[in-house]
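A.B. asks: Residue numbers (my numbering), protein chains in the order written: chain A, 714 to 1093; chain B, -19 to 372.
Quick caveat, the hints were computed from the structure, so don't treat them as lab data.
Certain hints may be false.
To be verified - Computed cross-link-like contacts, BS3-like style, restricted to lysine-lysine with a CA-CA straight-line distance of at most 30 Å:
1. B:326 - A:784
2. B:50 - A:1072
3. B:275 - B:85
4. A:817 - A:831
5. B:182 - B:144
6. A:887 - B:202
7. B:182 - B:85
8. A:887 - A:831
9. A:784 - A:827
10. A:887 - A:813
11. B:194 - A:1072
12. A:784 - B:275
13. B:275 - B:194
14. B:85 - B:184
15. A:817 - A:827
16. B:50 - B:275
17. A:784 - B:184
As the list claims (entries may be wrong) - Label pairs and their calculated CB-CB ranges:
18. B:36 - A:1089: 55 to 61 Å
19. B:33 - A:826: 25 to 31 Å
20. B:148 - A:809: 31 to 37 Å
Ideal Cβ placement from N, Cα and C applies to all residues, glycine included.
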Amino acid sequence: MNVAAIFPTDPAAAAAALAQQGNLATDALQGVLPAGVPWWMITLGGAGLGFAAIMGFVTVMSMFSIWLERKVAGHIQVRLGPMRVGGWHGWAQSIADGVKLLLKEDIVILGADKVLFKLAPALVLGTALATFVALPFGPGAMIADVDLGVYFIIAISSVTTIGIIMAGWGSNNKWSVYGAMREAAQVASYEIPFGLSLMPPVIYYGSFSLRAATEAQAGWGGLHWYIFDPLTFWVAIPSFVLFFVSILAETKRAPFDLPESESELVAGFHTEYSGIRFSFFFLEEYAAMFVMSGVGAAFWFGGWNFPGLSLLEGSPVLHSLAAVGVFTVKSMLLVFVMMWVRWTVPRLRIDQVMTLGYKYLTPLTLICVFAAALAEYLKS
Amino acid sequence: MATTSEETSARNADGVREFEIDVRTQDVELNMGPQHPATHGVLRVLLRADGEILTGGQCHLGYLHRCAEKIGESVDYIQYLPYTDRYDYLAAMNNNLGYSLAVEKLLGVEVPVRGQYLRTIIAELNRIASHLVAVGTYGLDVGAFTPFFYALREREMILDLFEKICGARLTYSYIRPGGVMNDAPAGWLEGVDEFCDWMDSKWKEHWNLLIESKIFIERTAKVGVVTAEQAIDWGCTGPMLRGSGVDWDLRRDQPYLVYDRLDYQVIVGVGHRGTVGDCFDRTYVRMFEIVESVKMIRQCLAAIQDGEVCHPDVGLLLRPAPGEAYVGIENPRGELGHYIVSDGSKIAKRVRVRAPSFCNLAVIEDILPGCMLADAAAIIGATDIVIGETDR
């Protein structure tokens, strides 16, 4: 690729390049800022705006998810969960915990590989945040409309593994190394069924773009979801189940939480982390859960489409906000199912995880891909 | 670390090197414990692992050693009773019972019938409580969190009953030489009956939630198999022995209290989901022993009569005639034996405790090699050790 095409110096070419990026944040800035502002400032400003939006959303969403997880766990386990902090059902528990983690002593153990140890949480959280860029929250509420949205999410979320291996290795702790190695083995294996299980919807929509997928499901008053399509639901439902099992493994949620299985590996790769660095891993887990659920919601459950949403089309801002709400609720429902599973089932052993991935999920997802192709052929 | 040498690569009978190259890696030595979530206390297991496969494991004990036996030789008979609570703190009533029976054998006294029935009810209630914790924490060991809380909910009712009868919730000292501390308060026996109904209705919930879960079966069936010979050779008792298919229960084979008057079954592992003697069978035995215990309690409740609960001649200062006595009882974890030597003074000459957890734990060194790392947690959990008892 031509460097000049990516970093054009000519203002007209720069504006054209910016327009081509399909970056909604820069588009918005271009509308607001006066003409004559250099293109790189707009790009940087857009990046900053996007980062602020993601960071704010992820922080609030993760805190809510952590509180929800504890309430869900509590009610499943015949207890109440947090009840005191903040008054109503302990709603401020996550904030209190966050403050506690911020104020805790930052311990870097003796003998740790300091560079890796300190870099790992940042890398892990950073990649988790980057995946939010491609999530289709609503019309006009995407940071960047990436053509290969799903591909981007698969690629970036795999980088998290490197951060976790760094954390495990840098901790100078055998249990951490075990956790990291398990993570590497598990995520590398489940990348295959995870990627393949996304292929049936990609074939159905004819696009890797999450926005295109969402817009394709807009019919029938907002209920033309992939999973409801009478011609293809027989592919959509099994492929979603396989996708869901794969994302449990990809986000290391029970029953695939082997990298941090507390009864075997103490706390796995984050055994030696405390304070804010530990909370980075914690945030990453919930961010990854949300992103994966978001992909599921966009591909199978209509994304932001919902009956009645079209009534708001007169006011773009309100419509956008409502769409963001619908998409977030749909994703959170999938996150809730992940929590439900976690507090119900025991944990698999590493060889069973591998068996499930290679012997069952991979062939089944391949069959789904063929079935999806067949469905498209029959439709045409 | 990884070395591939020409010498170690596999050769077939003709001395021709085969396709596969034998890669030898250095074993990792892992200290599982003394602070580790899966070792149920301060047990330290030194594991040797080749990747995820274990090549060896050795238990190191003594982190909770409190000289219980020595204390027994320096305080008088009744003063030692509260120390017995502390060996197996999940089944303190049974510990009291074992010690009391041994002291009574030295004294040659017979406990009144009502006292015997109360002791039986209490011992079986405590067995249920102990098995609930055993199965619940076993769920934690294989990664299921929720069954533990369900188990604690049921155990809570037993602890409430114990609190009503003796005031304590963990270390009771309720059963004592001569009988029991006091008679059951009004309405207590009805409370026990209510608990039996509750336990009967909730047992299926535990069974379906944890034991019949596909993943639980995968994790425990055919894992950590202890053969009947191994179990006998290593001196295993209790669910550990019966899980291996050996039909041996001291309540039936050396009856004490009123067990010979009760109708119940001795549960033996049958390889319900895997092979006889695997971790699943041990859990299976514990689960069905809960059912049998409820049955026994019901029969005791039907048969119990009014009367004395404690032998009137047994006071607080005991001076048994010189001699020795050994009494073994069926603790939830196996045979709890007390061997007491009296020299006629108010302090025992020797108190020796045969702790079931200690003997059951020994066998894991035999079965750990060849298992996966995650199985180590499953195997240690299935032996259901209480470190207070292994170390005393």
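A.B. asks: When you check the alpha-carbon spacing of residue 817 of chain A and residue 831 of chain A, does it fall within 30 Å?
C.D. replies: With Cα atoms ~16 Å apart, residue 817 of chain A and residue 831 of chain A stay inside 30 Å; holds.
A.B. asks: Verify the proposed pairing of residue 784 of chain A with residue 827 of chain A, using a straight-line Cα cut of 30 Å.
C.D. replies: Violated - the C-alpha atoms of residue 827 of chain A and residue 784 of chain A are around 36 Å apart, more than 30 Å.
A.B. asks: Mind checking the alpha carbons of residue 194 of chain B and residue 1072 of chain A for me, to see if they're no more than 30 Å apart?
C.D. replies: Given pair residue 194 of chain B, residue 1072 of chain A holds - Cα atoms ~17 Å apart, limit 30 Å.
A.B. asks: Within 30 Å, alpha carbon to alpha carbon, are residue 887 of chain A and residue 831 of chain A?
C.D. replies: holds, 18 Å
A.B. asks: Honestly, do residue 148 of chain B and residue 809 of chain A meet the 31 to 37 Å range at C-beta?
C.D. replies: Holds: the Cβ-Cβ distance is about 35 Å, inside 31 to 37 Å.
A.B. asks: Holds or violated: 55 to 61 Å for the Cβ distance of residue 36 of chain B and residue 1089 of chain A?
C.D. replies: For residue 36 of chain B and residue 1089 of chain A the Cβ distance comes to about 56 Å; the hint holds.
A.B. asks: Does residue 1072 of chain A sit within 30 Å of residue 50 of chain B, going by the straight-line distance between their CA atoms?
C.D. replies: violated, 58 Å
A.B. asks: Mind checking the alpha carbons of residue 182 of chain B and residue 85 of chain B for me, to see if they're no more than 30 Å apart?
C.D. replies: Cα-Cα ~39 Å, so violated.
A.B. asks: For a C-alpha distance cap of 30 Å, please report whether residue 182 of chain B and residue 144 of chain B respect it.
C.D. replies: Satisfied, since the Cα-Cα distance of roughly 23 Å is no more than 30 Å.
A.B. asks: Quick one, are residue 784 of chain A and residue 184 of chain B close enough, alpha carbons at most 30 Å?
C.D. replies: Holds: residue 784 of chain A and residue 184 of chain B sit about 25 Å apart, inside 30 Å.
A.B. asks: Within 25 to 31 Å or not, the Cβ separation of residue 33 of chain B and residue 826 of chain A?
C.D. replies: Between residue 33 of chain B and residue 826 of chain A, where Cβ atoms are some 27 Å apart, the hint holds.
A.B. asks: Checking one constraint from the list: CA of residue 275 of chain B to CA of residue 85 of chain B, max 30 Å. Satisfied?
C.D. replies: It holds: about 28 Å lies between the C-alpha atoms, which stays within 30 Å.
This entry does not satisfy hints 1, 2, 7, 9, 12, 14 and 16, going by the numbered hints stated previously.
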